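Student: Residue numbers (the UniProt record's numbering): 1 to 122.
Simulated from the structure, these hints should not be mistaken for laboratory data.
Computed from a predicted model, the values in this text were never measured in an experiment.
Some hints could be false.
[What the hints assert, rightly or not] In silico PhoX-like cross-links for lysine-lysine, where the CA-CA straight-line distance does not exceed 25 Å:
no. : residue 1 : residue 2
1   : 50        : 70
2   : 89        : 70
3   : 38        : 50
4   : 98        : 110
[Said to hold, decoys possible] Cβ pair distances, simulated, as ranges:
no. : residue 1 : residue 2 : range
5   : 64        : 88        : 15 to 23 Å
6   : 69        : 92        : 16 to 24 Å
7   : 96        : 72        : 17 to 25 Å
8   : 112       : 89        : 22 to 30 Å
9   : 19        : 40        : 26 to 34 Å
10  : 95        : 63        : 30 to 38 Å
11  : 19        : 52        : 36 to 44 Å
12  : 91        : 68        : 54 to 62 Å
13  : 62        : 93        : 58 to 66 Å
Just so you know, even glycine gets a beta-carbon here, dropped at the ideal spot from N, CA and C.
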Amino acid sequence: SNPNKRTTTTTTTSSKSPSTAAAQAVRKLEREKQWKTKREQKELEKRRKKRERERERALRDQERKDQRRKKLSDHGLNRSGRKLGINDKRGRANSIVKGYLNRMILKDTKLLQNIATNGVTS
1 SNPNKRTTTT TTTSSKSPST AAAQAVRKLE REKQWKTKRE QKELEKRRKK RERERERALR
61 DQERKDQRRK KLSDHGLNRS GRKLGINDKR GRANSIVKGY LNRMILKDTK LLQNIATNGV
121 TS
């Protein structure tokens with residue numbers, strides 16, 4: 001009621017001093033920073049492991065392909081009287097026909113002249 005009397009306003013703050021609140025804020029920021037760097041490290045580790053798994057998978061696939069190729073190329077090697085290097089049906093058929101014609105030409109020289117002039121008919 002007295003106009004000259006000072007009124008004090010009370011603010012509701014924590015009972016801690018400003019320096020303690022600042023120290024807590026600094027600690028909180030440090031914890032957040034540590035958490036962020038830890039999360040980044042986990043992400044980097046995760047990516048590294050993923051790259052490693054993909055690389056190993058690619059190497060295994062390449063080994064399988066190489067084994068398949070080797071198995072296919074070994075397939076024509078000297079099995080049941082087959083000649084080396086004949087892997088497919090067409091190549092095998094060509095070599096059989098050539099062998100037959102060579103044997104026939106050795107037996108009969110006129111056959112060579114007939115083949116040269118008339119060609120081979122089936």
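Student: Run every hint past the structure and note whether it holds.
Tutor: Here is how each hint holds up against the structure:
1. With a CA separation close to 30 Å, the supplied pair residue 50 and residue 70 exceeds the 25 Å bound.
2. A C-alpha spacing of about 18 Å is found between residue 89 and residue 70, which places the hinted pair at or below 25 Å, so the restraint holds.
3. For the hint pairing residue 38 with residue 50, the CA-to-CA distance comes to about 18 Å; that is within 25 Å, so the pair holds.
4. The suggested pairing of residue 98 with residue 110 holds, with an alpha-carbon distance near 17 Å, which does not exceed 25 Å.
5. Against the hinted window of 15 to 23 Å, the Cβ-Cβ separation of residue 64 and residue 88 comes to about 22 Å, which satisfies the hint.
6. One distance hint, 16 to 24 Å for the beta-carbon pair residue 69 and residue 92, holds here, with the actual separation near 19 Å.
7. A hinted range of 17 to 25 Å holds for the C-beta pair residue 96 and residue 72, which are about 21 Å apart.
8. The supplied range of 22 to 30 Å is met by residue 112 and residue 89, whose beta-carbon atoms lie about 27 Å from each other.
9. Our hint of 26 to 34 Å for residue 19 and residue 40 holds, since their Cβ atoms are close to 32 Å apart.
10. With their beta carbons about 32 Å apart, residue 95 and residue 63 fall inside the hinted range of 30 to 38 Å.
11. A C-beta distance of roughly 49 Å is found between residue 19 and residue 52, which places it outside the suggested range of 36 to 44 Å.
12. A hinted range of 54 to 62 Å for the beta carbons of residue 91 and residue 68 is inconsistent with their spacing of about 19 Å.
13. About 33 Å separates the C-beta atoms of residue 62 and residue 93, a value inconsistent with the hinted range of 58 to 66 Å.
The structure fails hints 1, 11, 12, 13 (numbered hints given earlier, in ascending order).
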